[in-house]
Every structure is written in structure tokens, then in C-alpha cells.
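2 protein chains.
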Amino acid sequence: MERILSFVDANKEKYLGELKEFLAIPSVSSQSAHNADTRRCAEWVAAQMRTVGMNNVQIFETPGHPIVYSEWLGAPGAPTVLFYGHYDVQPVDPVNLWTSPPFESTIRDGDLYARGSADDKGQIYIHFKAIEAYTKNGAPLPVNIKMLIEGEEEVGSANLEDFVKGHKDLLKADLVLISDSSMFAKGVPSVCYGLRGLAYMEVEVEGPNTDLHSGSFGGSVHNPVQALSEMIASLHDKNGRVTVKGFYNDVRSLTKAERSAFRKLPWNDKSYAKKLGVRQLYGEKGFTTLERLWARPTLECNGIWGGYTGEGAKTVLPSKAFAKISMRLVPDQTSAQAAKLFEKHFLKMAPKTVSVKVRALHGGEAAITPIDSPGVKAAVAALQKGFGKKPLYQREGGSIPIVVQFKNILGLDTVLLGFGLPDENAHAPDEHINLDNFFGGIRTSVHFYNELPAFWKAGGAGKKKK
Amino acid sequence: MERILSFVDANKEKYLGELKEFLAIPSVSSQSAHNADTRRCAEWVAAQMRTVGMNNVQIFETPGHPIVYSEWLGAPGAPTVLFYGHYDVQPVDPVNLWTSPPFESTIRDGDLYARGSADDKGQIYIHFKAIEAYTKNGAPLPVNIKMLIEGEEEVGSANLEDFVKGHKDLLKADLVLISDSSMFAKGVPSVCYGLRGLAYMEVEVEGPNTDLHSGSFGGSVHNPVQALSEMIASLHDKNGRVTVKGFYNDVRSLTKAERSAFRKLPWNDKSYAKKLGVRQLYGEKGFTTLERLWARPTLECNGIWGGYTGEGAKTVLPSKAFAKISMRLVPDQTSAQAAKLFEKHFLKMAPKTVSVKVRALHGGEAAITPIDSPGVKAAVAALQKGFGKKPLYQREGGSIPIVVQFKNILGLDTVLLGFGLPDENAHAPDEHINLDNFFGGIRTSVHFYNELPAFWKAGGAGKKKK
Numbered sequence: 133m134e135r136i137l138s139f140v141d142a143n144k145e146k147y148l149g150e151l152k153e154f155l156a157i158p159s160v161s162s163q164s165a166h167n168a169d170t171r172r173c174a175e176w177v178a179a180q181m182r183t184v185g186m187n188n189v190q191i192f193e194t195p196g197h198p199i200v201y202s203e204w205l206g207a208p209g210a211p212t213v214l215f216y217g218h219y220d221v222q223p224v225d226p227v228n229l230w231t232s233p234p235f236e237s238t239i240r241d242g243d244l245y246a247r248g249s250a251d252d253k254g255q256i257y258i259h260f261k262a263i264e265a266y267t268k269n270g271a272p273l274p275v276n277i278k279m280l281i282e283g284e285e286e287v288g289s290a291n292l293e294d295f296v297k298g299h300k301d302l303l304k305a306d307l308v309l310i311s312d313s314s315m316f317a318k319g320v321p322s323v324c325y326g327l328r329g330l331a332y333m334e335v336e337v338e339g340p341n342t343d344l345h346s347g348s349f350g351g352s353v354h355n356p357v358q359a360l361s362e363m364i365a366s367l368h369d370k371n372g373r374v375t376v377k378g379f380y381n382d383v384r385s386l387t388k389a390e391r392s393a394f395r396k397l398p399w400n401d402k403s404y405a406k407k408l409g410v411r412q413l414y415g416e417k418g419f420t421t422l423e424r425l426w427a428r429p430t431l432e433c434n435g436i437w438g439g440y441t442g443e444g445a446k447t448v449l450p451s452k453a454f455a456k457i458s459m460r461l462v463p464d465q466t467s468a469q470a471a472k473l474f475e476k477h478f479l480k481m482a483p484k485t486v487s488v489k490v491r492a493l494h495g496g497e498a499a500i501t502p503i504d505s506p507g508v509k510a511a512v513a514a515l516q517k518g519f520g521k522k523p524l525y526q527r528e529g530g531s532i533p534i535v536v537q538f539k540n541i542l543g544l545d546t547v548l549l550g551f552g553l554p555d556e557n558a559h560a561p562d563e564h565i566n567l568d569n570f571f572g573g574i575r576t577s578v579h580f581y582n583e584l585p586a587f588w589k590a591g592g593a594g595k596k597k598k
Numbered sequence: 133m134e135r136i137l138s139f140v141d142a143n144k145e146k147y148l149g150e151l152k153e154f155l156a157i158p159s160v161s162s163q164s165a166h167n168a169d170t171r172r173c174a175e176w177v178a179a180q181m182r183t184v185g186m187n188n189v190q191i192f193e194t195p196g197h198p199i200v201y202s203e204w205l206g207a208p209g210a211p212t213v214l215f216y217g218h219y220d221v222q223p224v225d226p227v228n229l230w231t232s233p234p235f236e237s238t239i240r241d242g243d244l245y246a247r248g249s250a251d252d253k254g255q256i257y258i259h260f261k262a263i264e265a266y267t268k269n270g271a272p273l274p275v276n277i278k279m280l281i282e283g284e285e286e287v288g289s290a291n292l293e294d295f296v297k298g299h300k301d302l303l304k305a306d307l308v309l310i311s312d313s314s315m316f317a318k319g320v321p322s323v324c325y326g327l328r329g330l331a332y333m334e335v336e337v338e339g340p341n342t343d344l345h346s347g348s349f350g351g352s353v354h355n356p357v358q359a360l361s362e363m364i365a366s367l368h369d370k371n372g373r374v375t376v377k378g379f380y381n382d383v384r385s386l387t388k389a390e391r392s393a394f395r396k397l398p399w400n401d402k403s404y405a406k407k408l409g410v411r412q413l414y415g416e417k418g419f420t421t422l423e424r425l426w427a428r429p430t431l432e433c434n435g436i437w438g439g440y441t442g443e444g445a446k447t448v449l450p451s452k453a454f455a456k457i458s459m460r461l462v463p464d465q466t467s468a469q470a471a472k473l474f475e476k477h478f479l480k481m482a483p484k485t486v487s488v489k490v491r492a493l494h495g496g497e498a499a500i501t502p503i504d505s506p507g508v509k510a511a512v513a514a515l516q517k518g519f520g521k522k523p524l525y526q527r528e529g530g531s532i533p534i535v536v537q538f539k540n541i542l543g544l545d546t547v548l549l550g551f552g553l554p555d556e557n558a559h560a561p562d563e564h565i566n567l568d569n570f571f572g573g574i575r576t577s578v579h580f581y582n583e584l585p586a587f588w589k590a591g592g593a594g595k596k597k598k
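So the sequence lines, in the order shown, correspond to chains A and B. For what it's worth, my numbering labels the leading residue of the first sequence as 133, then goes sequentially. For what it's worth, my numbering labels the leading residue of the second sequence as 133, then goes sequentially.
If you are wondering where the hints come from, they were derived from the structure by calculation, not from laboratory data. Keep in mind that a hint or two might mislead.
What the hints assert, rightly or not - To give a feel for the contact side, a few chain A residues facing chain B, derived at Cβ under 7 angstroms:
id : residue
1  : Ser-352
2  : Ala-365
3  : Thr-421
4  : Arg-428
Ideal Cβ positions, reconstructed from N, Cα and C, are used throughout, including at glycine.
My request is simple: use the sequences and hints to build the entire structure.
Pasting the structure below:
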């Protein structure tokens, strides 16, 4: 290990040079003018894979941008990691807001600025170098690795699901590893072990069968905007709890260990509220803000509309009002069940004065990789060694569809080992990655591959497989 | 009187011929292609005024279409009626939905079809003929009459207010008479003696200072759509009463006579609900539907919007939500006071989790001409004689801005003597007027001018003047 880590330290300058080359390719997946660049980038990734010692490197065509695959399977009996990342990047507009050109890497104050530096080229590159540190030093990798690097993450990964479904054998593995997220804060290495799911609904409330004059008819019928407001208002009780019947039935409670882990994270409700511009936070009573954000289900109105919404006044008593309402779900809620409960509840509470329709738009499942699972334990051990600091545990309130797909199609849990920071402008001008985290990321990845087999064995590998 | 009424009966065919001429002029005020027609129509009105014996006939230019004025002031000591009407008409589109050409009067089943037949040329013409029935028979009119016929009612009467303000002396009178509305139903002659006022507000609820990802942030802040819904929901109590503090303080109670008068109108909640397509009506407990529509103040949401309102799903936790909320007012509420009370109430109930703004957009006052006032009494007596049937009393839930202007600028109450019917398609294809009502209208108008002086005297004329 010492030799391997010394190799990493000795090659820092070389790494930066090579990374700049990778970041110079404008692989903007959403802009067809960059299609040739995006393909060139896939080829760069394939070449880099060969360089670092990966085998069976393949560029798979898709109806969109290509998927690059490679593997190193020289550790029989050791677990197999499926590493996922993406080589495509966000557009750079508005380009005039960039301090330095987005495709010319520039280092300022210990940060490297370029489109893709954090999301996700920089973080893929971390793993290339961790792998190379083994292979270039005559050391076999302690684990088997399969790399799956796509070029359409920034445009919705439209062709990934089909690819995964069509290559189940090729992608067979023991766990998924993704480095495409952030640690909790600067100097606070963390491992993200849970994501929330989603059930997204649209509701329609119809009062009178046509728009009416609010003077001639106001006072005789239930205004659908008012009725919808009353129904929405009733979806939370005075403790901020969702009132949908049965909503909390399948919610997996936070363990003592998790609650205690969240409390260790540096967090300040006041400064969070200040940043968001609110005088007071809001949410389910009895839980901290981070618990509410990550481990409790919520119900949000994503949109509402009805009647006259233009400039000035129009005295209409509208016929219909609409809302988009979504629920964030946690294990062991399911999207289908939440949608069903919501629909039943919303229809049942509709007053006789209006007609109500409910439609489920789409959903996704929550995901959790327990903090006592081998993958998370290995990540924790690796972060501690890579950053010289005990890492903390976090979850994320949003969903990552690909994580759910890997679970559904391949039966695999995912470890999210993010080396970015929340304020590194992933989708904005002046995207950057902190170089301490970048080099710490390489060290951590070297350790992760080294730590995993022991934790895997101790965790009783077979039991965790599907 | 007998001679005068016989004259009316004897001239029915002539009236129809002349009315057809009036209705043949396409005085569509909103379409500049018809500007010459609209002017020609003003000239036709002026000529007709001269024909029926009116004096001082003048066409006043305005920045828009001309206003036609005339007077007959030969009844010293008798009250002066300011008759208001409009000679412009709505567009005829979609013209292919007309059974017969809109500017060629056609009689079918006792109804005369043409654009303007009910709104308002036919109803102006009724008064021309009532006046003529006196003047052509050597009988002096029992009242003084001033006629003010504008050409921009269908486009918002933009130049009328300035004209009235600039001609206060010319327009000096004792009461305003308007025939531009409908009786309650076929065979149910009625007099409309009250209109509601309006205070129109816009509210803004701001939560976080920017749109947020509903996954990453859902559970930490009060969603402004939810907060707005909660606030709107709280604006009515479970009895359908508006909760704005002080809202009902200035409401003039319905008298026993009024409640009893409304109960005499043919009305059926079930068929009203069926027509509007609702299973159940809604409104303030303790009042009938007509009482709620006409004599009780209401609060309606005219529009609501916030967050994502497009197709499909967007997982946004919006920064802001908005609503347009208006109050219909009754005597003796004022628009300014209602706006003030609403603003105070809405701001006060805002939770600390959001910021709220309230803006008054516009307002107008309620109007009432008491049922025991001389004008209304004369109208009732005239309708009884004109239609051979005791008329009923009604109010209207909407506002008529010109009525408020006459009250504010000239200090005059208005009597609304409508000879149309609610289903005569005033602004739609196949507009028509029922010929029984048309001829009944002429007889009623003859009687109104005859009845007014006695009621006026009995009512203590001087007291009513301003």
C-alpha cells in the first residue's frame, strides 16, 4: 500500500496535466453541435481505460451517445465492484459568467475550474488513477472492477436502462460504486447511504362546468380554487405531518445510530434558514431538519393553477383548478402504494360540491444501503484513511434514478462516494473541484478497493447478493 | 293614456320596420372596419330622436365613438329622467353559427333575431317609441327626459366617465333609467334594484428565496403553494362565511320585504345546480341562493398560480405562489374598506414561515335603489300595467360600472328596467328579443313616464335629490 500511495503522491502534476486534457473535450451531450466532441470523449475514456490496465474495453453504440465499458477481473473470490460514471457535461451558457474559459482548466486558490471538473469527469478520473496506482506498480487489484461510463447522464440517461437490461450478465457484480456527488461540506468527508423515492401526482378539481362571472354567480357554488386550497391545506396537520391515511405505515424508522450520526454533522438551522431567505423552517414535528430532509417522507405541492393568472383583474369564477403534488418516500414505502393511498385519500375527502380527478404521473423507489453493510463500512474506512479524518454519514433527499435501476435490474445496492462539494457549481458557470478533495479522492479510492474484500467477507458476502 | 296606448298597438308593424333599419347598421364598436357604420348609427339615433320629438339633439365627439344627447324639458315641476343606453353592438363572430344573417332582422316563433336586438338597440328603441306615443298624440310628456346614448359600451365605455364629468349641468336630473338588462325569466317581469360592488386583490406568498429541488429541500421549509392554500382555506369558515375580520360589519341586512320578494321568484336550486353541473351548491349558511347571490357579500378566488404548471412532472419546491382574490360587496360596505380589512387580515394570519404581500387591484361600489323609492315604485306600477302581471323584485350579483359613475358623479340612483331575457344570447350568435316583451316594454315605458311624477311627489322629491 505504501508504494501505491507514494506513486499517487509522486504523480500529482502528471494527473493534473492528463485531467486537463480530459476536461478540454467539450462533451456537451445536449448539444448536437458537440456530437463529434462527445464521441471523441468516449474514445478518450476508452483509451484511458486501456492505459490504466483495464481489459475488454468496449464502446457500445446507443441511439444516443456511446457507453464505454471495461473490466478487470483478476481477483477471483473477491467482490466485484460495478463503477458507474458519466463523461458528458452540462452546457456552459451563460459563458460570459465564467471567470476562465470553461474548457481550459485553470487553477485558482487550490481549486481547478472547468466544466466537468466535479460533475463528473474529475470524479471518474479519480478512479482511473486509483486503479492505475495498483496496475502500474505490479500490484493486483484487491477487487474485481467493471466500469460503466455513459455519455447521456446530463440528458436523462435515456438509453442506459435498456443497456443495463440487455447486458445483465456483463454487468453482474456485487455492489455499485458511484462518485458523482458531494461530501457534506469542505473538510467533512461523508458517505451517502440513502436516497428518497418519489410518487408524483396531478389533481384536478372541477366546480361548475364552465367559467362563470364571479359577480353573477359568486355565492352559489364552491369555487374550485377554494376547494382545492382547502383540500391541499388538509394534507398536513398542525404538526406538519402528512394526513394521507396510511402514509407512514411502511416508513422504516431511523435507528439510534443513524440519528446520532446525523447529529454529528455540522449543521445550523439558523444559517440554513437565512440562506434560503425564510424566517422560520417548517416540517414534521419531532425530527431535526436533516432527519426530515433525508429520512422522513414529505408531501410537496410542485405547482398549482386555475382561473385568471394574467395581468390585472378578471372577475372569473373558474370551472377548474389543478395542482401537481408529489411525495418523497423513504424505505420501505413504495411509489405505487403511496400513489394509491394518496388517490384514495384525496378522492375520499372531496366535498360533494366539486368533482375531483387524481392521476399518478410517475414515481421511483427510495434506496438505502445500510450503514452496517460491507460497502458502506469499506467506504467509511477508506475515507478515514484517505482524508485522515473520521467521515460522517449522510443521506440525500432527492432521488438518483440510476441507483434505483441498478437495484431493480441487477439487484445491487449502491455506495455513493462523492468527492465534490455542494457549492462547486456543478451545473453553473465556474464549475470547479477542490484539489485537496481530488487528491484525497484518489487516495480514498485506492483504500476503498483495498478495504472492501475484508468487510465483504466479514459481512457474509453471499447473504447480501440477490 | 288610452289614446296613447292605442297608438302603440296600431303602429306595431311600423315599429318593426323601423327597428329593422336600426338593427341593419353594423355598429360594431370594437372593429375599426365598422367605424363608419358606427358613426352612421349615431346619426340614425340623432335623427330618430328628432323624429320622436326630442329637442337639443347633439352628437358629441369623443376620442372614440360619438355620444348622442337630446332632451325634452317641457314638464316643469315634474322629475327629470336621465335615460342611458348604447347604440354599439358586439361583434358577430362566429358568424356561421347564426341561423339568419346578424344584420338582417328575422322573426321566428315570436322572437326577432339580429345583433343588437336585445343589447341594446331594441331596448333603446322601446323608449323612443314610448316618447313618440306621447309627442305624436299631442300629449305632453309627464316627465322631463334627457337621453344619453353612447357608442362604446361594448368596449368598456372608456370615454363616458369624462363626458359625464364634463357635462354635469347638462345631465342634471332626478334619477337614471336604464333598459339594458333582462327580466328574471320569461313571463316574470321584474325590476332590478341592486348591484354588488367589488374589491379585487392580488396576493403573493414567498417561501424560500429561489425555486428549490423538492427532493433535496422538501421537508425543511414551508411550501408557499401549501401556505397560500392554507391561508385561502381559512378565508371561509365551515358555514361558508368569510372570516376576514370586520367583513360583515357594514353589511345592510335584507329587509323582511326583500326576503319575501325574492322568495316569490320562480327558483329551483336543483335545476340551477344541474345547469351548472355541480352535485351540490355552496355558500353562506342561513341564506337562500338568491340572497347569497344578490344581497350577501362573497369572497372568490379568481385565479391561483405557482410552481410548475406545464405538462408532466417537475420536482420543484417553488419560491412563490400567487392568487387573485376578489370580494363582492353589498351596501353599505365600501370597496376601500373591504380592501383594507382583507389586507390587514391576510397579512396578520401569515405564518412566520413565509412572507406575504397584498395589493389592491381595483374596486367599485355596490348600488341600491330601495324598493320603496319612487323610481322603483313607478317601475313596479308600470310593469304591472304594461305586462298585466305583478312584477317581482330582483337584484344582480355583478356590478354595472356606469351605475356607480352616475351615483358618484351626478349623485343619482338608477332604475334598471330590463326587457330582455337571460337566454337571449346578448353576446352570442342568434341574439334575439321576444316580441311580447318588446311591445310590453313600450307599453311599460309609456306607463313609467306617466306613473313617475305621482310617486315622486309622494316620496318627497326634494329629499331624494343631492
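Right, here's what the structure says about each hint:
no., hint, in the structure
1, Ser-352, "5 angstroms, holds"
2, Ala-365, "4 angstroms, holds"
3, Thr-421, "5 angstroms, holds"
4, Arg-428, "6 angstroms, holds"
In summary, the structure agrees with every hint in the numbered list given earlier.
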